[in-house]
Amino acid sequence: MRYHPLSDADRQTMLAAIGAADIEALYADAPPSTLLKAPLDLPPHRSEMEVERLLRRLAARNVPAGRVPFFVGAGAYRHHVPASVDHLIQRSEFLTSYTPYQPEISQGTLHYLFEFQTQVALLTGMEVANASMYDGSTATAEAVLMAHRLTKRRRALLSGGLHPHYAEVVRTISRLADDEVADMAPDPFGAEDLVAQIDDTLSCVVVQTPDVFGNLRDLTSLAEACHRHGALLVAVVTEAVSLGAITPPGAMGADIVVGEGQSIGNALNFGGPYVGLFATRHDYVRQMPGRLAGESVDADGRRSFVLTLSTREQHIRRDKATSNICTNSGLCALAFSIHLTLLGEAGLAKLARANHANAVALADMLETVAGVEILNKTFFNEFTLRVPGGAAALVEKLAAKGVLAGVPVSRLLPGAGLDDLLLVASTEMNTSEDRAAFVAALEETL
Amino acid sequence: MLDRPAHLPMEEPRATFTGNRGLDQEEALIFESGRCDVSGVDVEEPPPVASRLGSHARKDPIGLPGLTEPEAMRHYVRLSRRNYSIDAGLYPLGSCTMKHNPRINEKMARLEGFADIHPLQPVSTVQGALELMETLADWLLTLTNMQAIALSPKAGAHGELCGMMAIKSAIAAKGEGETRKVVLIPQSAHGTNPATAALLGFSVRIVPAAADGTVRVAAVREALGADVAAIMLTNPNTCGLFERDIVEIAEAVHEAGAYFYCDGANFNAIAGVARPGDFGVDAMHINLHKTFSTPHGGGGPGAGPVVLSKRLAAFAPVPFIRRAGDRLTLVEDATGTQSFGRLAAFHGQMGMFVRALAYLVAHGGDGVAEASKDAVLAANYVRAGLRDVMTQPFGDRPCMHEVLFDDAWLKDTGVTTLDFAKAMIDEGYHPMTMYFPLVVHGAMLIEPTESESKASLDLFIATLRDLARSAREGDRARFDQAPYLAPRRRVDETLAARKPVLRWSPGE
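As given, the protein sequences belong to chains A and B, one line each in that order. The numbering of the first sequence is the numbering used here, which starts it at 128 and goes up by one. The numbering of the second sequence is the numbering used here, which starts it at 140 and goes up by one.
These are calculated hints, taken from the structure and not from any lab test. There could be a bad hint or two in this list.
[As the list claims (entries may be wrong)] Straight line, CA to CA, 25 Å or less: simulated DMTMM-like cross-link-like pairs of lysine to aspartate or glutamate:
id, chain 1, residue 1, chain 2, residue 2
1, B, K246, A, E177
2, B, K246, A, E175
3, A, K164, B, E387
4, A, K524, B, D465
5, A, K447, B, D366
6, B, K320, B, E394
7, A, K164, B, E390
8, B, K320, A, D306
Between the sequences and the hints, there should be enough to build the whole structure, so can you do that?
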């Protein structure tokens, strides 16, 4: 095995030094009944060339987004990632390092996490952010748990515009943690009245903008209503690029902003790994889950960074911990941070403008197709189409024609009676040729 | 000013104008060096359209600085040089497993057929991805002899949550949700275990360990009762020992109507050698990043698939893959099943699945077993090399893939475990895991892994012996406020916690 440096002679010398007759002697504590008597029925080791052949064969059975006109979004977005981002995150010192528990030799990681935290806070319009979460959906569930801790209440209200997977994650953990969830019906028009549902039993209201149907939401009056009733407003952002163009939740009174950072610096990856964003107010920092990098000094007085406030964490507080999380998405956070650093404010604004412009151009064209209707009054880079004859079947037919047209709402909300709705996303990656191909295929199919 | 250790040059480094020390270059924050009107990316000019943002358009500036591409390159390369990594040297972190990260795995994960596919594109266009997940699942089920698998957990602790959710659901399905509210957890457990149990509304009952560092079946029997939902046990345990009573413990737990959750963090000691299904495990997470070498990436992403016994299989979270002849489908909706629901958006850490499968295929069944055995051999070799100068809390006996020392041997030297660890940095090593497990005073948990050559282990042992000699001989200067030779001297962690500065602010 080429990954294992010990030779048989080494092994014998080492066993002699230990004073063990053979390797089995080292497993003497294991009850004999638990040790395998024969090798498992698994293939033998393979050369690098064979590994590559096998995995390339599997990869070739998929249709990559870059090969077709591609309009799929709903919580994961295809953007251009500069080559330098992937190059930098593959540097050994980033890729193959561990959690920065030893700050003296982990300043690289700690320094970029401190920058990441600042970038996320600025982008969301909040005061502080953590060093990232698993992804946007789990960050949302953690935000609800944090709101419970802060308000000492255990009932959350979920907007009908929240990504159905995110809502399911919150419902799953709430059910199993014996907390309560109040659900609003799916809200394709972004017109639900959340304010009317707020009372003094709620810990938080969870609302997404742009919502899963693409509608932009003004959260100002909702935030006021939450605060009047002692509840927190949790705002969810699944398309981080949108924050380059629209008013951030922090400026509209949100108390916790969680988001999916995949859009910036990270590939689609069939759903993971992604990077969860988590930002809040200074006052709530000690109830925030996840890791935090903070500034300090070393013994020579030089500025240094270190993981901090770990008294909230599981390895100190154990069953009193703020959460059971002991991981962040360090490398994905680095990709996010590098990409955002390359963009800067000017680049992000232009990228956001390009996304919106391409989506509007597509919407303008789709509205000319007979039988197709766009539901949204406002959107950023994704909107909802009403199509005749069922969206799921339409998507399959268009896929057969080589166009990946979007996400049928029925895939996210089976049984909700929204079978004629299709979510369509367009980013800076889409060309006018892509748009023309989509419209032509649609006209041909309908 | 402290005395410098005798083996280091006596003079302080010459002060420089820049603050740099040769190749060790200081680096500003991007907020200090960048400008908001600078961009390192040329974004194409968008087509002119009428905005549909309505009144939501952003009015206020964000304050995000930009760097040009060459500036960004330098910034991050300079930062990278302040990090230790497994590619740079031995990383003996017990319980964390820092082994070689083969680069073929990275190359494969970046194939457009894996990296550039969307989780919600039609399943007919991602058959290869589903086949990859199915293949990985087969490998993991074979290695563990378990019935079902949940691939979606995004990290080890998320896997724990998943396994315990399956257990809680199974208990509820039997109508025992109101009575079984206690989870048994050994004193030496990972901190995530009690946190996970508490998150799900269980109370924690601690099971003491015997003097030999393992949990005895008698102690488990003592703690068991009709109120117990499960035990969360790590095997091999966090003291680096195989739980000798594991089979009897599983039987006792099952007889009491409870479930056996095994923390799989240390699966890399036994993969290919023993199967958790054979010792009665009901649920176990597998840290793909530890056992199957997906890189740790400075703290993540991880991946924590959970294998489940027949008793728990029906409660697995969505999504799962179903095969109908040649065609694979994805069950994403829990309606009408006993599944406990959804743990995360989409299908799990696909990028990690690719890396783990590449690792497994490269190793084969033979290589996986060899890796486990070599890891155990290396840990015992370190034990043999240090047993006469450092003390072991549970006596000199074979360990699994990690070897545990305590600080009894440092008594009266004035050197602490922390000092000793920091002095290792001056010798070019990442410190071992310190002060864990909590049940051992001044714990030092060393995990060399199968990736180290004999020469590398010999040098490591010789270095630790030399440090031990220094400590014993009273060379305090080598340890007090160490490290001396790292990019930073000892960092003030108390100050950071007392006056938290968690972001850059304008005007700082």
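Quiz item: In ascending order, which of the hints set out earlier in this document are inconsistent with the structure?
Solution: Those not satisfied: there are none.
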